[in-house]
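**Student:** Chain by chain, the residues:
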Amino acid sequence: MLHVNEINVHRGRVRVLKNISFRITEGEICSVVGPNGAGKSTLINSISRILPLKSGSIHFCGQNVGRLPPHSVVELGLVQIPEGRRLFRSLTVLENLEMGGYQGEGKRKRSETLQMVFSLFPILKDRKYQCAETLSGGEQQMLAIGRGLMCLPKLLMLDEPSLGLAPLIVRIMFDVIERLNRNGMTILLVEQNARKSLSISDRGFVLENGLITMSGKAEEIASNEHTKKAYLGL
Amino acid sequence: MNLDTIFQALVSGILTGGLFALVAIGLTMILGVLKIVNFAHGEFLMLGMYLTYYCYNVLGIDPYLCLLISIPIFFLFGVAIQRILINPVLKSPMEIQILLTLGLFFFLQNAALFFFGPYLKSIKTGYARAIISIGSVNFSSTKLIMFLFSIAFTLVLYVFLKKSDLGKAIRACSEDSYGAMLVGINVRNVYMIAFGIGTACAGAAGTLLMPVYYVDPYIGLTFVMTAFVVVVLGGMGNYIGALVGGFIIGLTESLGAALFTASLKQLATFVIFILILLLRPTGLFGARRM
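Protein chains in written order, with my numbering: chain H, 1 to 234; chain A, 1 to 290.
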């Protein structure tokens, strides 16, 4: 479904991603694990086309997306829920969701998708006329995910969805991710909560210093001595 | 000093304030969405006045009919300016952006001087002499029309920003352009449209002002300075703030002129400006809220 082939990405003069290649197959949950500064967010942002590729290519559903602008990538169904949520703070909850379904297929199916999002997160329906900035942290994360779902993703990329949330909310988030996946959505998950994210994943890889140092089945990564020590706190 | 003078000043302040609001809303939109301080904004107004002047004197088009010409022309002009000049510096440091819009200001001013000459120009319409009197307060019909059109534009723009998808996308981009990109909004297009709308506001204001006032190539500066005061007063990027701020500055100028002397009216405005920067730098309504 997604095929990242030997990409190099620079930030300023620093080479952040070094010849990264991987594939994501339809229907799976794939986790990216690694320390801060390893290039996890950079990876997601280059797939979203926010950051330019120095070299290499990215194919999504057979189409080369390496040169497309960010909004076209979203239209193809490659959607990112960014770290820090990036909500439209003074817009209402409903307006935020409407902006998710701003173009193409998402706009045509807006009211259906809206019902789906409200059934997934009933609290958002209760608060739909409230400004986004008045929501609690957990509700804001729900809104960010809801807004992303309004774009009708085929592949949903989540960047640190549990960051700064209470344990109860974290559990809800992971439940939702699993539920979306059961309904056929492919997920790419970047998480500092490596244990939790690997436990719901099919596959995963470890990103260290801009290089993929290990990849394979999620259980294998979770049971590997090095990752256990470095990221799982065991 | 009698009560009539005060009433007269109040009415004329409110009428002028409507126009200030229209100019400032264009400016605040460009500032709020693109984060660009547009010093050339007053020059768009000046060009709008010249366009109306020549439409009336050469083609014989009624100034108010000329709105149908000036609004689309200035929208497209703004889109082109954004595309060619502003877009390349959007990610540059602020001083570069300021130098660019300041350069555009000088360029347009001197181009006007070259093509239209330094002399004052005004138009004489049949209805310019029609004076409306309410009690002891007199004002010209053209000033009232200017006010009504300005307020109507402001309201249309407000409803557009609140209700339409494109309007919401404009607000979304002004809140978080990065987030907007990630939900599939074409931010580049939104920037062009926002700059076009901002420019069209200034152009329309110029057209409305032409039957009331005279035009020369230097007129833009006075208006852009006033508009900046209004924008800062209302809170940068805030549309309601710009509307209220327009009235406050309109009233300040006319009351200042009535209570002191006409040459001191700008003094009052800038005293307010300095006080706001000292006491409430985010403006009356805070930054970037609708």
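Calculated from the structure, these hints are not laboratory results.
Heads up, some of the hints might be wrong.
[Said to hold, decoys possible] Just some of the chain A residues that point at chain H, by a computed CB distance under 8 angstroms: (1) E95; (2) Q97; (3) K163; (4) G167; (5) K168; (6) A169; (7) E175; (8) G179; (9) M181; (10) L182; (11) V183; (12) G184; (13) D216; (14) Y218; (15) L221.
[Unchecked claim] Computed cross-link-like contacts, PhoX-like style, restricted to lysine-lysine with a CA-CA straight-line distance of at most 20 angstroms: (16) H:K107 x A:K91; (17) A:K265 x H:K128; (18) H:K107 x H:K54; (19) H:K128 x A:K35; (20) H:K217 x H:K229; (21) H:K125 x H:K154; (22) A:K163 x H:K109; (23) H:K228 x H:K217; (24) A:K35 x A:K124; (25) H:K125 x H:K107; (26) A:K163 x H:K107; (27) H:K125 x H:K109; (28) H:K228 x H:K196; (29) H:K128 x H:K154; (30) H:K54 x H:K109.
Just so you know, even glycine gets a beta-carbon here, dropped at the ideal spot from N, CA and C.
**Student:** Next step is simple, just say for each hint if it's right about the structure.
**Tutor:** Here's how the hints hold up against the structure:
1. E95: A:E95 check fails; min Cβ-Cβ to chain H is 20 angstroms, beyond 8 angstroms.
2. Q97: Hint violated; A:Q97 Cβ to chain H Cβ min 21 angstroms, cut 8 angstroms.
3. K163: Not OK, violated: A:K163 not within 8 angstroms of chain H, min 10 angstroms.
4. G167: violated, 10 angstroms
5. K168: A:K168 check passes; min Cβ-Cβ to chain H is 5 angstroms, inside 8 angstroms.
6. A169: holds, 6 angstroms
7. E175: This hint holds: A:E175 lies near chain H, its Cβ roughly 4 angstroms from the closest one there, short of 8 angstroms.
8. G179: holds, 3 angstroms
9. M181: This hint holds: A:M181 lies near chain H, its Cβ roughly 4 angstroms from the closest one there, short of 8 angstroms.
10. L182: holds, 5 angstroms
11. V183: holds, 5 angstroms
12. G184: holds, 3 angstroms
13. D216: violated, 40 angstroms
14. Y218: violated, 38 angstroms
15. L221: At 33 angstroms from the nearest chain H Cβ, A:L221 fails the 8 angstroms test, so the hint is violated.
16. H:K107 x A:K91: At roughly 30 angstroms apart (the allowed maximum being 20 angstroms), A:K91 and H:K107 break the hint.
17. A:K265 x H:K128: violated, 47 angstroms
18. H:K107 x H:K54: Distance ~33 angstroms between H:K107 and H:K54 Cα, so the pair is violated.
19. H:K128 x A:K35: Violated, at roughly 29 angstroms.
20. H:K217 x H:K229: Status holds; Cα separation ~18 angstroms.
21. H:K125 x H:K154: violated, 24 angstroms
22. A:K163 x H:K109: holds, 19 angstroms
23. H:K228 x H:K217: Measuring from Cα to Cα gives roughly 15 angstroms; hence the hint holds.
24. A:K35 x A:K124: violated, 39 angstroms
25. H:K125 x H:K107: holds, 19 angstroms
26. A:K163 x H:K107: This hinted pair holds, its Cα atoms lying about 15 angstroms apart.
27. H:K125 x H:K109: holds, 18 angstroms
28. H:K228 x H:K196: holds, 13 angstroms
29. H:K128 x H:K154: This hinted pair is violated, its Cα atoms lying about 25 angstroms apart.
30. H:K54 x H:K109: With Cα atoms ~36 angstroms apart, H:K54 and H:K109 exceed 20 angstroms; violated.
Violation of the numbered hints given earlier is confined to hints 1, 2, 3, 4, 13, 14, 15, 16, 17, 18, 19, 21, 24, 29 and 30; the remaining hints are satisfied by the structure.
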